[in-house]
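The listed protein sequences derive, respectively, from chains A and B. So the first sequence is numbered by the numbering used here: it starts at 7 and just counts up by one. So the second sequence is numbered by the numbering used here: it starts at 32 and just counts up by one.
None of these hints come from the bench; they were simulated from the model. Since the model is a prediction, treat every value here as computed from it, not as a measurement. You can take every hint at face value.
Which bits of chain A does chain B cover? Going by a derived footprint, with three or more residues having C-beta under 8 Å, they are: (1) 396–404; (2) 435–449.
Covered by chain B, per the in silico footprint, the following chain A stretches (three or more residues, Cβ under 8 Å): (3) 195–206; (4) 417–431.
Label pairs and their computed distance ranges (CB to CB): (5) B/K150 x A/L203: 32 to 38 Å; (6) B/V98 x A/S242: 51 to 57 Å; (7) B/L170 x A/S473: 56 to 62 Å.
Even for Gly, the Cβ is constructed at its ideal location relative to N, Cα and C.
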Amino acid sequence: MVNAGDLWSGLTLLFSFEALLYCFIGVALGTFVGVLPGIGAMTAIALLLPITYQLEPITSLVMLAGIYYGTQYGGSTASILLNMPGTPTTAVTCLDGYPMMKQGRGGVALLITAISSFIGSIIGTVALALFAPPLAQIAISFGSAEYLSLVVLGLLAVVLFSEGSVFRSLAAISIGALLGTVGIDINTGEQRFTFGLLSLYDGVALTAVALGIFGLAEVIANVGQVEERGPAQRISLRSMLPTGDDWPRSLKAALRGTAIGSFFGVLPGAGGVMASFMSYALEKRVSKNSAEFGHGAIEGIAGPEAANNANAQTAFIPTLTLGLPGDAVMALIVSAMMIQGVTPGPSFLHTNPALFWALVFSFVIGNAMLLVLNIPLVGLWVRLLNIPYRTLYPAIVVLICCGIYSVGTSVADVVTVAVMGVLGYGMRLLRFAAAPLLLGFVLGPLMEEHFRRALLLSSGHLSTFVSSWISVVILGAVVLMVLSVVVRQFRSRRQAAVGPSPADEEL
Amino acid sequence: MTNDGSKAVAGLSPDWFGGVIVVAIGTLAVAVASTYTLGTAENMGPGYFPVMLGVLTICFGVGILVVDTRKRSEGVARPALRPLLVITSAILIFAAVVDTLGLAPACFLAALISTFADKNNQPRRALVLAAVLATLAVLTFKYALGVPAEVFTW
Numbered sequence: 007m008v009n010a011g012d013l014w015s016g017l018t019l020l021f022s023f024e025a026l027l028y029c030f031i032g033v034a035l036g037t038f039v040g041v042l043p044g045i046g047a048m049t050a051i052a053l054l055l056p057i058t059y060q061l062e063p064i065t066s067l068v069m070l071a072g073i074y075y076g077t078q079y080g081g082s083t084a085s086i087l088l089n090m091p092g093t094p095t096t097a098v099t100c101l102d103g104y105p106m107m108k109q110g111r112g113g114v115a116l117l118i119t120a121i122s123s124f125i126g127s128i129i130g131t132v133a134l135a136l137f138a139p140p141l142a143q144i145a146i147s148f149g150s151a152e153y154l155s156l157v158v159l160g161l162l163a164v165v166l167f168s169e170g171s172v173f174r175s176l177a178a179i180s181i182g183a184l185l186g187t188v189g190i191d192i193n194t195g196e197q198r199f200t201f202g203l204l205s206l207y208d209g210v211a212l213t214a215v216a217l218g219i220f221g222l223a224e225v226i227a228n229v230g231q232v233e234e235r236g237p238a239q240r241i242s243l244r245s246m247l248p249t250g251d252d253w254p255r256s257l258k259a260a261l262r263g264t265a266i267g268s269f270f271g272v273l274p275g276a277g278g279v280m281a282s283f284m285s286y287a288l289e290k291r292v293s294k295n296s297a298e299f300g301h302g303a304i305e306g307i308a309g310p311e312a313a314n315n316a317n318a319q320t321a322f323i324p325t326l327t328l329g330l331p332g333d334a335v336m337a338l339i340v341s342a343m344m345i346q347g348v349t350p351g352p353s354f355l356h357t358n359p360a361l362f363w364a365l366v367f368s369f370v371i372g373n374a375m376l377l378v379l380n381i382p383l384v385g386l387w388v389r390l391l392n393i394p395y396r397t398l399y400p401a402i403v404v405l406i407c408c409g410i411y412s413v414g415t416s417v418a419d420v421v422t423v424a425v426m427g428v429l430g431y432g433m434r435l436l437r438f439a440a441a442p443l444l445l446g447f448v449l450g451p452l453m454e455e456h457f458r459r460a461l462l463l464s465s466g467h468l469s470t471f472v473s474s475w476i477s478v479v480i481l482g483a484v485v486l487m488v489l490s491v492v493v494r495q496f497r498s499r500r501q502a503a504v505g506p507s508p509a510d511e512e513l
Numbered sequence: 032m033t034n035d036g037s038k039a040v041a042g043l044s045p046d047w048f049g050g051v052i053v054v055a056i057g058t059l060a061v062a063v064a065s066t067y068t069l070g071t072a073e074n075m076g077p078g079y080f081p082v083m084l085g086v087l088t089i090c091f092g093v094g095i096l097v098v099d100t101r102k103r104s105e106g107v108a109r110p111a112l113r114p115l116l117v118i119t120s121a122i123l124i125f126a127a128v129v130d131t132l133g134l135a136p137a138c139f140l141a142a143l144i145s146t147f148a149d150k151n152n153q154p155r156r157a158l159v160l161a162a163v164l165a166t167l168a169v170l171t172f173k174y175a176l177g178v179p180a181e182v183f184t185w
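Between the sequences and the hints, there should be enough to build the whole structure, so can you do that?
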């Protein structure tokens with residue numbers, strides 16, 4: 007179990023100038039990309055991946071994590087000031103944040119969202135500290151067969167919670183996994199899908215896939231579409247002071263939101279979008295004056311903002327203890343860790359306790375830094391929002407080019423980004439979600455390894471997958487999920503025939 | 032009109048098109064991967080897993096064709112051809128030029144070309160923007176981050 011020695015080594019590992027500096031860089035960058043619509047955590051992390059190869063594990067992990075939860079602070083700034091979400095998880099904040107802005111209460115909204123985000127993050131971090139160690143303890147007895155079932159469960163969960171059709175997401179996962187098999191097979195040295203191209207011997211570059219499918223495709227889709235925004239107003243510190251019953255109302259909403267966010271964060275795939283929407287729905291339902299929602303109800307921003315931050319922190323629980331990334335950005339962080347030689351999973355806490363606790367403590371410090379960045383320094387970000395997208399996107403294009411080139415000074419990688427960009431855009435047009443593809447790409451090789459090992463150990467008998475009770479439980483959950491999806495399909499088909507029910511109009 | 036207001040391409044159903052493409056990819060994967068050593072369940076060869084994935088992909092593609100086409104969804108959104116072609120060309124030009132001309136010209140060209148994607152970008156501003164971005168990029172990547180690339184290779 008947890009011992010004080012581990013906690014102390016974690017603290018000493020974190021409190022080096024380098025680690026703290028990169029923690030700050032991470033959260034500042036996270037706020038930056040969170041504030042700007044059109045560029046997100048995915049692009050930022052993909053661009054910084056090459057740099058992390060030269061850093062210590064603690065430094066790169068702390069920075070990447072900082073970007074991840076930092077975006078949840080910045081995103082609400084654009085939502086409140088411009089009615090345009092900086093990140094998808096803060097879309098809900100537009101609903102009541104922008105009306106508050108119009109009522110002259112924009113400053114209060116910014117302060118309350120920053121504080122709610124902080125509450126959500128800190129409590130989420132405590133949950134991480136409490137639940138990760140025991141969970142890792144259970145998971146350490148997982149063999150290859152159990153692990154494979156777990157990954158299948160995680161992927162199915164992502165499919166269930168992804169937008170768009172189930173089959174599309176499943177297809178995206180398997181195509182991503184196929185993409186992951188490109189290159190020389192480690193076990194036999196045989197080439198797969200390389201077609202004689204030297205540049206494909208090592209496989210398709212992860213950074214290229216991430217930057218192309220998410221970053222480039224996003225730019226292509228957004229050019230000319232993002233409306234011209236009016237200049238964002240200046241916010242004075244004094245205008246940020248909340249009045250009347252703002253405090254008790256937002257505090258309660260933030261706590262409820264934290265609970266929702268923490269729950270959804272642990273589930274792979276659910277994500278901050280669902281958490282923030284659920285929190286909004288809950289606040290509206292329990293509020294005594296629900297008519298206020300949509301016109302500046304402070305619970306409508308406090309709850310969701312706490313939810314998306316709690317979600318971002320607890321998402322590290324399955325990632326670090328089980329090696330199961332819950333979304334595409336996490337998958338990227340997992341890859342970064344593996345390249346550093348630190349494999350997230352059940353043995354991570356056991357072999358690297360100092361790293362784990364250093365990370366947990368960095369969340370506390372990082373969130374404190376974010377509070378400073380987002381309250382007194384909010385004027386900085388406001389000014390950023392005045393840059394028109396048509397000036398911003400060429401910068402993103404150059405960043406993507408230089409970023410991918412810096413990985414291995416390989417022209418082939420740059421071409422890969424272009425190809426992936428077209429693929430990603432095509433997927434958008436045909437309504438495929440992109441995240442499952444990246445997850446398949448990252449997890450595919452892992453699944454193959456475990457599959458191979460499980461069958462090798464059982465001499466080819468598939469019954470190994472139901473031979474241990476853990477595996478049975480996990481596969482049972484898989485079956486339940488598949489059934490629930492099927493039921494959902496049937497219900498929606500019946501409703502399509504019958505027409506919308508009154509219950510649907512409540513949100 | 033599709034949900035996000037963009038115009039739809041008449042007659043083209045994303046479900047049919049998407050499903051067919053997925054099945055095609057799966058079939059291609061099975062065709063290529065089955066030429067590799069398959070091995071047995073106990074001793075999996077390099078081809079085993081890809082063939083499995085290919086078969087799964089085909090199944091999912093069939094699923095799209097059978098299930099998704101039942102819902103009458105709107106047509107495929109009209110692709111934004113100008114951004115697609117311009118931005119992709121910008122990246123490809125960067126790739127073509129970066130080793131032969133250097134990092135700075137490559138960044139400059141990539142930025143400049145990409146500005147054409149938005150018709151609201153004016154030529155003079157675009158030139159200035161491209162020059163500024165190229166300078167910043169070189170400073171950041173070559174000098175601050177130490178990427179081993181030549182600034183100018185003439």
